[in-house]
Structures are given as C-alpha cells and as structure tokens.
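Protein chains: 2
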Amino acid sequence: MNIITISREFGSGGRTIGRALAETLGYKYYDKEIIQEIAKQVNLSEEEVMKLSEENKATFLQMPFENYTGMDRRSVDVLRAQRQVLLQIAEKNENCVIIGRSGGAILGDEHPLRLFIYADTQTKLDNIRATQEKYANSTDKQIIRTMKRIDSIRAAYFELVSGEQWGDRNNYDLCINTSGCAMKNLVKPIADYAVSWFED
Amino acid sequence: MNIITISREFGSGGRTIGRALAETLGYKYYDKEIIQEIAKQVNLSEEEVMKLSEENKATFLQMPFENYTGMDRRSVDVLRAQRQVLLQIAEKNENCVIIGRSGGAILGDEHPLRLFIYADTQTKLDNIRATQEKYANSTDKQIIRTMKRIDSIRAAYFELVSGEQWGDRNNYDLCINTSGCAMKNLVKPIADYAVSWFED
Chain A
1 MNIITISREF
11 GSGGRTIGRA
21 LAETLGYKYY
31 DKEIIQEIAK
41 QVNLSEEEVM
51 KLSEENKATF
61 LQMPFENYTG
71 MDRRSVDVLR
81 AQRQVLLQIA
91 EKNENCVIIG
101 RSGGAILGDE
111 HPLRLFIYAD
121 TQTKLDNIRA
131 TQEKYANSTD
141 KQIIRTMKRI
151 DSIRAAYFEL
161 VSGEQWGDRN
171 NYDLCINTSG
181 CAMKNLVKPI
191 ADYAVSWFED
Chain B
1 MNIITISREF
11 GSGGRTIGRA
21 LAETLGYKYY
31 DKEIIQEIAK
41 QVNLSEEEVM
51 KLSEENKATF
61 LQMPFENYTG
71 MDRRSVDVLR
81 AQRQVLLQIA
91 EKNENCVIIG
101 RSGGAILGDE
111 HPLRLFIYAD
121 TQTKLDNIRA
131 TQEKYANSTD
141 KQIIRTMKRI
151 DSIRAAYFEL
161 VSGEQWGDRN
171 NYDLCINTSG
181 CAMKNLVKPI
191 ADYAVSWFED
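Those protein sequence lines, which keep their order, are chains A and B.
The first sequence finishes on residue 200 if you use the working numbering, and the numbering steps up by one all the way, no holes.
The second sequence finishes on residue 200 if you use the working numbering, and the numbering steps up by one all the way, no holes.
FYI, nobody ran anything at the bench for these hints, they're computed from the structure.
Careful: at least some of the hints might be erroneous.
To be verified - List time: in silico BS3-like cross-link candidates among lysine-lysine, alpha-carbon distance up to 30 Å:
1) A:K28 x B:K188
2) A:K188 x B:K188
3) A:K188 x B:K28
4) B:K184 x A:K184
5) B:K188 x A:K184
Every value quoted in this text rests on a predicted model; they were computed, and no experiment measured them.
Work out the full structure, taking the sequences as your base and the hints as a guide.
In structure tokens, the structure reads:
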C-alpha cells in the first residue's frame with residue numbers, strides 16, 4: 001500500500017495538487033471525508049467537528065496542561081477520533097492521498113511519502129483570492145493574518161502529534177515550492193517522483 | 001537557458017544526483033570546473049583555491065569586520081573570483097547544472113531551479129563511507145563532526161552571499177530528502193520535474 005500525505009501552508013495549493021495527484025495515480029483521496037468520519041464517530045455535526053478541530057485546537061494547545069480537565073471535552077474527543085480515522089484509513093490497505101491532519105506523523109509506521117507544499121506570500125494571496133470567494137473583499141493584510149493563524153494551528157497540532165517541528169524539512173520526503181508555478185504542470189512530475197520513491 | 005543549482009548537505013548525495021541529472025537532461029555540469037577556473041583567474045593552484053574557499057572561509061566569516069583588512073588577501077580574491085566564475089557560466093547561455101557555491105543565490109536573476117538535497121544522519125554516514133575512501137578508518141563520531149563543519153561552512157558562505165538562511169525551504173524550489181533512497185531512482189523524476197518547471 002502506498003500512502004502519500006500532504007502537509008501544506010495555507011494557500012500554497014497543497015489541496016489542489018493532492019486531488020490531482022490522486023486522480024493521476026488512481027489513488028483514493030481523503031480530505032473532507034476525514035471530517036465526515038470523525039463526525040460520525042463522535043456524534044457531532046461536521047460543522048462542530050471543523051470548529052473543534054480547527055479553532056479550538058489552538059486554544060487547547062495554548063492551555064496549561066493542568067487546565068485540560070476544565071476544557072471542552074469534545075475537543076479531546078475530536079482529536080482522538082481524528083487519529084483513529086487516519087489509522088482506519090491505513091487499515092483499508094489501499095493506495096491513497098491524505099490531506100493534512102498530520103497524516104505523515106500519525107501514519108509514520110506505514111512509511112508514507114510525506115510531501116510539504118509551500119509558497120511565497122504573494123503566490124498564496126493570489127491562490128486564495130482565486131479559489132476562495134469568502135476572501136474576495138478582504139485586504140492583503142487580513143488574508144495574511146488568516147494565513148498565519150491557520151498555519152500556526154497546523155503547526156501546533158503537528159507538534160502535539162509528533163513532537164517535531166511542522167515545516168522542518170527533516171519531517172518530509174519532498175518539499176515543493178509552488179511560488180509562481182502553474183500547479184497543473186507540477187502534478188505529473190510529482191506523481192512520477194512518488195512512483196519511483198515507492199519502488200525503492 | 002535553464003540553470004539548475006544544487007545546494008546539499010555533506011553526504012546527502014547531491015553531487016551524485018547533480019551529475020546524473022546533467023547527463024539525463026544533456027546539460028553542462030559544473031563542479032570541480034569552477035575551482036579550476038577560479039585557480040586560473042587568481043593565479044593559484046587548485047589545492048590552494050580549495051583550501052582558501054573551504055577552510056579559510058569559515059575563519060573569514062567568523063572574523064569581526066574591522067579585522068578583514070588583516071586577513072589573507074587571497075581568501076577575498078578567491079571568494080570574489082568564485083562569484084565571477086558563476087556569472088561567466090551564466091553568460092554562456094547554456095543549460096547547466098551547478099553544484100554548490102551558492103549558485104542559486106548568486107544567479108538569482110537568471111531564475112535557476114534551486115534544489116536542496118538532504119538526508120538523515122545514517123544515510124549520510126553510509127553514503128560517505130561508500131564513496132569517500134579517506135573516511136574508511138574514521139568513527140561515526142568523527143565523520144559526523146566533519147559533516148557539521150562542512151555544512152556550517154556552506155551555510156556561512158550562503159548567508160554571506162544571500163543574506164538568507166542556508167537550508168531554509170523558502171530559498172529553494174524543491175527540497176529532496178534522500179534518506180534510504182536509491183539515488184538512481186530519483187534522477188528521472190527530478191529531471192521530469194525540472195523540465196515541467198522550466199516550461200512554466
């Protein structure tokens with residue numbers, strides 16, 4: 001079984017590349033499906049899961065350990081379910097691409113190909129404006145603030161799960177800078193790289 | 001003109017990959033040729049150039065600025081010639097692969113594809129023992145000390161030239177972890193990646 005995990009900076013095009021990679025390689029694609037599955041397991045709506053796993057995560061991680069007992073119990077449930085769902089995906093023994101959720105660290109024993117996708121700020125701003133309507137009326141400064149917030153949540157979760165630093169090259173097999181790149185042109189060579197890498 | 005520059009951790013296989021990439025793509029390959037050209041320009045032997053550009057570089061960079069006037073003038077000549085030689089290579093207007101010497105930073109205006117090649121310590125130890133006879137009788141600890149010294153010299157030179165941090169993903173277009181990989185299997189997909197990237 002070949003697993004490709006994708007960590008990415010917000011706005012770098014990691015999700016676009018991941019979806020196209022899965023299509024090119026004929027792999028299963030897991031992204032929102034993970035949220036749906038968590039929702040089922042913890043008996044909450046997808047919106048609640050999103051909120052708890054994204055927004056409250058930061059609060060959770062910034063909290064002194066002795067306060068954990070006082071926190072919203074549902075956050076812990078969601079984080080635990082998230083790990084559980086990833087392990088269940090691996091158990092299916094199918095080739096797949098997994099977006100985010102620290103898949104590379106959680107599924108380390110399965111030796112996934114761990115990609116990290118990143119880009120310069122201008123490229124990320126352009127991508128976000130081009131693909132996410134809700135930022136249409138935001139200033140650059142507002143979007144940059146959101147980028148930083150989301151990336152810092154991703155980093156905190158990764159560090160909690162792995163004890164390692166998010167974005168540190170040593171935690172990935174291939175780090176891809178999409179600055180100024182036409183994403184579609186990168187998919188085929190990344191897919192080739194993956195195939196060669198798994199053959200090894 | 002397509003230029004591929006390769007920064008690499010000592011022992012990660014960057015040179016091996018660079019040479020194979022040049023062969024696969026039919027690009028010119030610049031590595032030791034740079035030293036030969038510098039030697040000609042500053043009227044020193046290749047050995048002296050190596051010594052001045054590698055070993056004394058570190059001393060040079062650790063020196064307070066006001067002491068520069070007291071340093072071996074030849075070190076400054078070598079560093080200046082090194083930059084000059086890279087610019088002359090770019091002027092030839094030929095597709096090429098350039099190993100080290102902060103080529104990615106010095107030739108930034110030519111928009112090279114900037115690769116960074118790295119690996120975990122065990123892989124680097126294995127590579128070094130397999131390819132460099134002079135370390136045959138060294139202990140792991142001794143080789144690791146050498147790795148650190150050489151990488152810190154490379155980092156210092158890169159930082160002097162670019163004002164940026166060596167190994168920071170933002171200074172490269174593709175960062176490749178060769179840990180546990182058969183190098184020869186990576187060459188073709190990296191070459192494909194390069195072709196797609198230059199087409200962009």
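Results for each hint:
For the proposed pair A:K28 and B:K188, the alpha carbon gap of about 25 Å is at most 30 Å, so the pair holds. About 12 Å separates the Cα atoms of A:K188 and B:K188, which keeps this hinted pair within 30 Å; it holds. About 25 Å separates the Cα atoms of A:K188 and B:K28, which keeps this hinted pair within 30 Å; it holds. Among the hinted pairs, B:K184 with A:K184 is consistent with the structure: their alpha-carbon atoms are about 26 Å apart, no more than 30 Å.
Distance restraint check for B:K188 and A:K184: the Cα-Cα separation of roughly 19 Å lies within the 30 Å cut-off, and the hinted pair is therefore satisfied.
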